[in-house]
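Let chain A serve as the given structure and place chain B on it in line with the hints.
One line per chain: the protein sequences are A and B, in this order.
Under my numbering, read the first sequence as residues 1 to 227, first letter to last.
Under my numbering, read the second sequence as residues 1 to 249, first letter to last.
Please keep in mind that the hints were generated in silico from the structure rather than gathered at the bench.
Be a bit skeptical, because a hint or two may be false.
Looking from chain B toward chain A, a few residues come up when the C-beta cut is under 10 Å (computed) [to be verified]:
#	residue
1	Ala-28
2	Gly-64
3	Trp-148
4	Ala-211
Ideal Cβ placement from N, Cα and C applies to all residues, glycine included.
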Amino acid sequence: MKRTPIVLLSTIAGVAGVLALNPDGSDLSLGASSGGLGPISQQSPSSSETSRPTDTATGVTTPRPSATHSSTADSTPVPSDVPSGTPSSSQSTARPITSTTSSPNATTAKPTPTQSATHSATPTPSSTPSPSAINGSATGSAYFVRYGYVQVKVTVSNGKITDVQALQLPNQDGRSYQISQTVEPMLRQQVLQAQSGNISGVSGATYTSTGYYESLQSALSQLGFDS
Amino acid sequence: MTPERVVHDEHIWGTVVTIDIRLFRESASKVDSAVKQVVDWLKSVDRTFSTYRDDSTVSQFRNGEITRSEVGAQVEEVIHLCEQMRDLTGGLFNPWGVTGGFDPSGLVKGWATDRAVEILQESGLNDFMVNSGGDLAVRGLAKTDEPWVIGITHPDRPVQIFDSVEVVDGAVATSGLYERGAHIHVPDGHTMKARSATVVGPDCATADALATALLIAGRQGSEWFHDLPQWSGIVVEGNDTVAWGPAFS
Numbered sequence: 001m002k003r004t005p006i007v008l009l010s011t012i013a014g015v016a017g018v019l020a021l022n023p024d025g026s027d028l029s030l031g032a033s034s035g036g037l038g039p040i041s042q043q044s045p046s047s048s049e050t051s052r053p054t055d056t057a058t059g060v061t062t063p064r065p066s067a068t069h070s071s072t073a074d075s076t077p078v079p080s081d082v083p084s085g086t087p088s089s090s091q092s093t094a095r096p097i098t099s100t101t102s103s104p105n106a107t108t109a110k111p112t113p114t115q116s117a118t119h120s121a122t123p124t125p126s127s128t129p130s131p132s133a134i135n136g137s138a139t140g141s142a143y144f145v146r147y148g149y150v151q152v153k154v155t156v157s158n159g160k161i162t163d164v165q166a167l168q169l170p171n172q173d174g175r176s177y178q179i180s181q182t183v184e185p186m187l188r189q190q191v192l193q194a195q196s197g198n199i200s201g202v203s204g205a206t207y208t209s210t211g212y213y214e215s216l217q218s219a220l221s222q223l224g225f226d227s
Numbered sequence: 001m002t003p004e005r006v007v008h009d010e011h012i013w014g015t016v017v018t019i020d021i022r023l024f025r026e027s028a029s030k031v032d033s034a035v036k037q038v039v040d041w042l043k044s045v046d047r048t049f050s051t052y053r054d055d056s057t058v059s060q061f062r063n064g065e066i067t068r069s070e071v072g073a074q075v076e077e078v079i080h081l082c083e084q085m086r087d088l089t090g091g092l093f094n095p096w097g098v099t100g101g102f103d104p105s106g107l108v109k110g111w112a113t114d115r116a117v118e119i120l121q122e123s124g125l126n127d128f129m130v131n132s133g134g135d136l137a138v139r140g141l142a143k144t145d146e147p148w149v150i151g152i153t154h155p156d157r158p159v160q161i162f163d164s165v166e167v168v169d170g171a172v173a174t175s176g177l178y179e180r181g182a183h184i185h186v187p188d189g190h191t192m193k194a195r196s197a198t199v200v201g202p203d204c205a206t207a208d209a210l211a212t213a214l215l216i217a218g219r220q221g222s223e224w225f226h227d228l229p230q231w232s233g234i235v236v237e238g239n240d241t242v243a244w245g246p247a248f249s
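Isolated chain A, as found in the complex (with noise of 0.2 Å):
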């Protein structure tokens, strides 16, 4: 059951890296409209910039700070040792502790047998076999998240997604009207960035953004393109 993850590569921009790139986009300024925080600062350079081979934005992208392990408080605790059951009691890797400067090669810390596959991996469409023939526009099917239906309409010309237009976003609470007038159009440019296909899952508050990606999903299906 305790099996070892493979983790392999962090790819993708995040939007607030985006958004460092992109100074000419002030409409998609973080926090101005939304009553929230500024973008997550960007603190260090990436310092693997080999792992993300993909990724046009990644070169700023890398928010990694090293942790600091002086105590600072009095009121963290230090916990006892690792009960059994637990995954580090397999102790089998050596976990490099991140660094600013470090090297960038977590990634031998966990050699596995498939690592060299998926490391060979382009995680974007172009894997598909002739993405550059692919244009036109589609709609994806409609997905109903907690706050309400999400569809998108995504267009692709030469194999490159150019656009993605949210049909239907969910706009019954305030949650939800933010997102919608404001992130909606950060998130389109945080998928035209990352060519979108790469996400598989996503980790957090879902909801919309699952729909999101499923009816994006959906279209780019209908497109034959990254089905």
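Then chain B, alone, in the frame of chain A:
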């Protein structure tokens, strides 16, 4: 024509559990039965563990209607896991501190997800994700030669991805401020320091609890988190992110 992907969304536990099975290297013949078994499992978990059901075993236990010796093997397993995670996190993960009495919900979701993974594996499936409202576990690959790429939502904007991680066999769990008050007890003397915490590691039950603890600990969680082999974490504290472990290198 064999579909390359079968997705089932089950609305349960006040959230959505997505079972996402990839079939790029096997047939769909096993899928229907496997999904049904998982759904049956999710429903049984709800019956046993829901704190919103007065008749669930956990409700009876937290109300004092039954004792620990009467809860049965599954609940006992979860209680034991909760104790382990409470100790491992120095009390930051503390299902006993929740208003209303013992509430293991912060771990049950991950624990049940791990069992769902086992059911799918026992059914002969190799490549799939079980995503329980944002806490998820994956096995195998998402596509030929492509790992699962898990986006992590921005703490303020749930449709926004601020980072992502590639995972083949493992689990990812995120705790955020949207969970404040829901199953999270902040121990006396602590404040919730981070706005979001995501952990990546072998199993979802542990991930669930560790994410909760890191949400409270913030960057100071490094004092104990970096001692956990096989685990990676990233916290958003203020406008900064702090990350540990290979997944975020």
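Verification of the supplied hints:
1. Of the supplied interface hints, the one on Ala-28/B is violated, with its beta-carbon coming no nearer than about 15 Å to a beta-carbon of chain A, more than 10 Å.
2. Interface restraint check for Gly-64/B: the shortest CB-CB distance to chain A comes to about 27 Å, outside 10 Å, so the restraint is violated.
3. For Trp-148/B, the interface hint holds, since its Cβ comes within 10 Å of a Cβ in chain A; the closest pair sits about 5 Å apart.
4. For Ala-211/B, the suggested interface contact is upheld, since its CB lies about 9 Å from the closest CB of chain A, less than 10 Å.
Comparing the model with each numbered hint stated earlier shows that hints 1, 2 do not hold.
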